[in-house]
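Protein chains: 2
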Amino acid sequence: MPLRVGAAGQCRCSGLVSLGRNVFRVIEEFVLRVPNRPEQVEINRVSPDVDGGRYAVKRVVGDPVVVEADAFTYGHDEIAVRLDYRRHGRGKTRWQSVWMEPLGNDRWRGEFTVDRVGEFRFRVVAWRDPIATWRRDIVAKLDAGQDVDLEREEGAQLAEGAAKRVGPDDGKLLLTWANRLRTKFDEATRADLEQLVAYDRSLLDPDDGNVFEQTSTIWVDRPLAGCSAWYELFPRSASPDARRSGTLADVADRIETIAAMGFDVVYLPPIHPIGVTHRKGANNRTQAQPGDPGSPWAIGGADGGHTAIHPGLGTLADFDRLVAAANGYGVEIALDLAFQASPDHPWIREHPRWFRHRPDGSLAFAENPPKKYEDIVPFDFDSEDRAGLWSALLDVVRFWIDHGVRVFRVDNPHTKPFLFWEWLIAQVRAKQPDVVFLAEAFTRPRVMEQLAKIGFTESYTYFTWRNTKHELIEYFTELTTPPLSDYFRPNVWPNTPDILHETLQHGSRGTFIARAVLAAGLSAHYGIYGPVFELQERAAREPGSEEYLDSEKYQIRHWDNDRPDSLRHFLARLNEIRRAHPALQRNDSLRFHDIDNGQLLCWSKSWGSDHVLVVVNLDPESVQSGWTSLDLSRLGVGWDDDYVVRDLLTGASYDWRGPHNFVRLDPASVPAHVFAVERVNAGSG
Amino acid sequence: MPLRVGAAGQCRCSGLVSLGRNVFRVIEEFVLRVPNRPEQVEINRVSPDVDGGRYAVKRVVGDPVVVEADAFTYGHDEIAVRLDYRRHGRGKTRWQSVWMEPLGNDRWRGEFTVDRVGEFRFRVVAWRDPIATWRRDIVAKLDAGQDVDLEREEGAQLAEGAAKRVGPDDGKLLLTWANRLRTKFDEATRADLEQLVAYDRSLLDPDDGNVFEQTSTIWVDRPLAGCSAWYELFPRSASPDARRSGTLADVADRIETIAAMGFDVVYLPPIHPIGVTHRKGANNRTQAQPGDPGSPWAIGGADGGHTAIHPGLGTLADFDRLVAAANGYGVEIALDLAFQASPDHPWIREHPRWFRHRPDGSLAFAENPPKKYEDIVPFDFDSEDRAGLWSALLDVVRFWIDHGVRVFRVDNPHTKPFLFWEWLIAQVRAKQPDVVFLAEAFTRPRVMEQLAKIGFTESYTYFTWRNTKHELIEYFTELTTPPLSDYFRPNVWPNTPDILHETLQHGSRGTFIARAVLAAGLSAHYGIYGPVFELQERAAREPGSEEYLDSEKYQIRHWDNDRPDSLRHFLARLNEIRRAHPALQRNDSLRFHDIDNGQLLCWSKSWGSDHVLVVVNLDPESVQSGWTSLDLSRLGVGWDDDYVVRDLLTGASYDWRGPHNFVRLDPASVPAHVFAVERVNAGSG
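As given, the protein sequences belong to chains A and B, one line each in that order. Take the first sequence: its letters are residues 1 to 685, numbered as in our numbering. Take the second sequence: its letters are residues 1 to 685, numbered as in our numbering.
Among the clues, some could well be false.
When chains are identical, the list treats them as one kind, so a pair holds in a single copy or across two.
[Unchecked claim] Computed list of lysine to any residue pairs in SDA-like fashion (alpha-carbon distance at most 25 Å, straight line):
1. Lys372 to Thr415
2. Lys92 to Glu678
3. Lys372 to Asp186
4. Lys371 to Leu150
5. Lys184 to Pro359
6. Lys371 to Pro497
7. Lys164 to Glu576
Honestly, the hints are just simulated from the structure, not real lab data.
All chains, please: the whole structure from these sequences, using the hints.
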């Protein structure tokens, strides 16, 4: 329970702790004199922490923040350890405090809840606690029948000392204590000692506390940043009429259906004018044919750049109407921030310094030698006019924010300087702390981690390439374990326009269902690239490729969204289950359970009394069955309890008891159970 | 191979990295402007490290320091990562540098050797390497048969740019390169590109490097701090004549024997005058009898305090002779720093402010309520005259340093402020970097770790209480694994005057041998409290106690060091083996090997081509045998190699092959093998 602590705001750093890093440098300065005052309590290994406080820990509004720390002192004195927290930045508050509780072995624990979007700070403060030490010792002596006259006087003096530091009311109470200890000391007094200690703790001399604030920043996002289901679609393929290409208005018309499928975010690939120079043709052919629409990521042409709408898609007014329509259904529109240009982007003419040029004066296009991407020109983030370029890109983000966008998917952020993103995200958040950035970086682990550290709200993952039981357990254990889970929020996708994994290429309808359940059930954030996903498109451009045949990236497609074999109703049910079960809306309780079949994956998630247990058959072809070995303690079930597992996908119920239960899953129907675990009664055995 | 790098001394911190902790504070200042320059390379997770650079990593002279770091940049540029190191403090040198090599997954590794006692610093510096990137790309294009005319010109411009930053000789060479790239480009030029890259790396613009110096301090000790065998004895029990008590002169006479046993350090409990007030009697009785000598830890009396010699032991001149005699045999005398006083210590009269007083004016003696230790008065390290007390205690250390002492065993350091020790050790080392401090703290893990962090050279351990196979493997794995092993040097003792473990009380002669082999073979530092150890004294004061009966702590004893059952010759052989085998002189290569018997413990240590394999029978009563499953890769032996294991204790040799070999050990003789592993020839199978 939080305690208001009047003096907390005045706590000061003790010299050495705040000076921090290298004590030898400090010691050198002291070389001929004794340090002013001894360090009282060591505080160490504070968690949560990202790189010693260099980066923020992430939470969403309403989350608990459980702080642990090592805290200890020399000798045998008792210590008091306090957790202070407050909002920072705009709406900065005074420190609020809770006392931390000992966990044993000098580890302490405290908890608070973050109650609004923005930055919070926390710190750990600790004192040697003379009155608690005195109480412990006098009780030991009383128990041993020793005389405690001197100890009573010492206690009285401690109470008087504390009285000098506090207001008149508290002081009066402490002086009453001092008097009581001196004049009368019976069993009643002894029973009250605990009260004196509890009271005194809040009066500890702030100057005697050591402050550890190395791990100090928490960035708190809105709930959407904690849990969401994304749906990606190409607007130009959204036309219900096969004779014309899709528009933003068509997307607006589809929003009701997508909302009914339970998705929270509809993400659109770039909607800007597309360059014509070196435009790519269908299936990524170097030469476009007349009529080929080009890749939406080749941004910029005669009709404008990053703040313009492709004329074929409509107008800014259409976009505003789309945003309004989506919001009316509780859905957000996410845009793509692809910070690169086609050779026809207006900035190439207006701001030549923002691009790198070759010795012959030509533009340096994108390449990964010997591959060349001549339809794309990267910005030169190291440009001499860096200030101009960076500000212009920030203005792009602000432009779309002004048009109601609060969610951005960022294209290839790992090819731009980390500092650019750290700066841009901080700039945006200073005014709009509710903006969400999803990092689309499929690259090396350290680089993906770094992007999350510097501020990206969510991150794409390797999920698409993790398909076996071993791979999935290993990867999701890593993703849900601190410190990674404290700053890296996985957003997992069974497919994207760039990745049609061979598991789907060679998979069955059951494979698509299994991958959707894995994504939606393992991770609080997931997304699909549709309609190709629910229509189970699986043709690759060529054998060994992860590219879709006739990919929407290079051509306009038309889809029959009402095809009877579509998974849209299945996805709607899956998202409905996620919304009804808070256990599925977070990752921190993920627990894999043993099951004696290498093709069956079994896990649970919990939140309060909500326990969801999932079993998935990873085999696309064959029925698989096995016996579970459940960790019942993670399911709110006792060893002797009867319990029911109710399949939220099919409605079927099973009476289970104990950890060992039989499961059988057929890929020809639904190769997954998503069980609600419900305790029936306490067992009698 | 170290490379001298001329420009290294000029490297500067990039703003954000050096500002360190919380980038949000920095970002706030940038809120309306673009950062001056992008961060180029991220450097992270640098090891070795103790608490983010707050404390020093420990090494001894001649040790390699292997540094690893994560280093990576955005995009696809090549990077160069450099390890800089130098001596710090007195004898400070310029940075020397080695290039770090990539280990994969953005991890880099470099190594240097510390070549003298004192403080070293290291730091990691990294750059984006434009010439290496250019070379990689032009080679890829050449391999693909693409035209590289523009690339040649770009390379020439890069070389010209580098030429501007260097001296005329280097500049001339670079301009030659530029010319060559422009005018002629054949296969020979291409083959030489590697050379240009290697050359250019040393010319990278220092201002473009990111410097990571968070993990920066290494404290380098002399070799004795890396490996030593200690022998503790009570001088007053050292008399060869049972009719009188021992003296420092008697100890001097024993030094030859102790040196012959192979011990490096002889540690003496306090040798100062002992108080008479509340003196403890034999077996720690509260009332001393006339003639009881008292505990040496009750320091101070009419004859002086911490810089005086107990008159019964001799004079300062005797002490100086003892030190000289010991040094003559290559043995060092270690003194006990027990910073506490008897009630008769002269400082109590001269400096009453250095002690805490009760409300009735009486001295506050030591207590652990309800237990009282009335023969001991602690110093008040928080005294108002703290400067006086701390300086006086520093003077005590310096007094004994002036009398030739370089090794101190510190009594109960955990009951004094950490900052006091950090200050005192730094003060001593500023003048005498070769002084060794052994922390005698048997307390909670975090407190023991903290004492090692703040500077104690070596530390007592829980070894005495770790007796089963599982306990020993778990504990020594922890002790020899970073980060603990980078700052905590275990000194393990089978017995001390305070700890006669029940394993010895109920053990056989074989138990004493086994515990000695465990101590000497598992840890580079070990010690015994003799002569009780080699004479296998095992009588406890009472059942359940770890105190010796008739302990030397409270009475004078006489020992027959020549008793035929003494283990002195065994210990001499054990120490001889340690001195002959560098593998046993360090802990970092410790590896436990499987053996299929819970009473047999098997491990190896290696250094270069020296491989020592030890097997110990932990059962005090019964013969135990089993089959090993050796990790041959840790023994310098191939799967098909024949090899010989030669028992260094008995001289017996066994021809072994493969990992599975039979071992049988009898506690009635020598329950341990200490094998030298020697490869015979490569196998033919």
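Results of checking the hints against the structure:
{"no.": "1", "hint": "Lys372 to Thr415", "result": "within (16 Å within a copy, 69 Å between copies)"}
{"no.": "2", "hint": "Lys92 to Glu678", "result": "neither (43 Å within a copy, 69 Å between copies)"}
{"no.": "3", "hint": "Lys372 to Asp186", "result": "between (90 Å within a copy, 24 Å between copies)"}
{"no.": "4", "hint": "Lys371 to Leu150", "result": "between (86 Å within a copy, 16 Å between copies)"}
{"no.": "5", "hint": "Lys184 to Pro359", "result": "between (95 Å within a copy, 18 Å between copies)"}
{"no.": "6", "hint": "Lys371 to Pro497", "result": "within (20 Å within a copy, 75 Å between copies)"}
{"no.": "7", "hint": "Lys164 to Glu576", "result": "neither (61 Å within a copy, 65 Å between copies)"}
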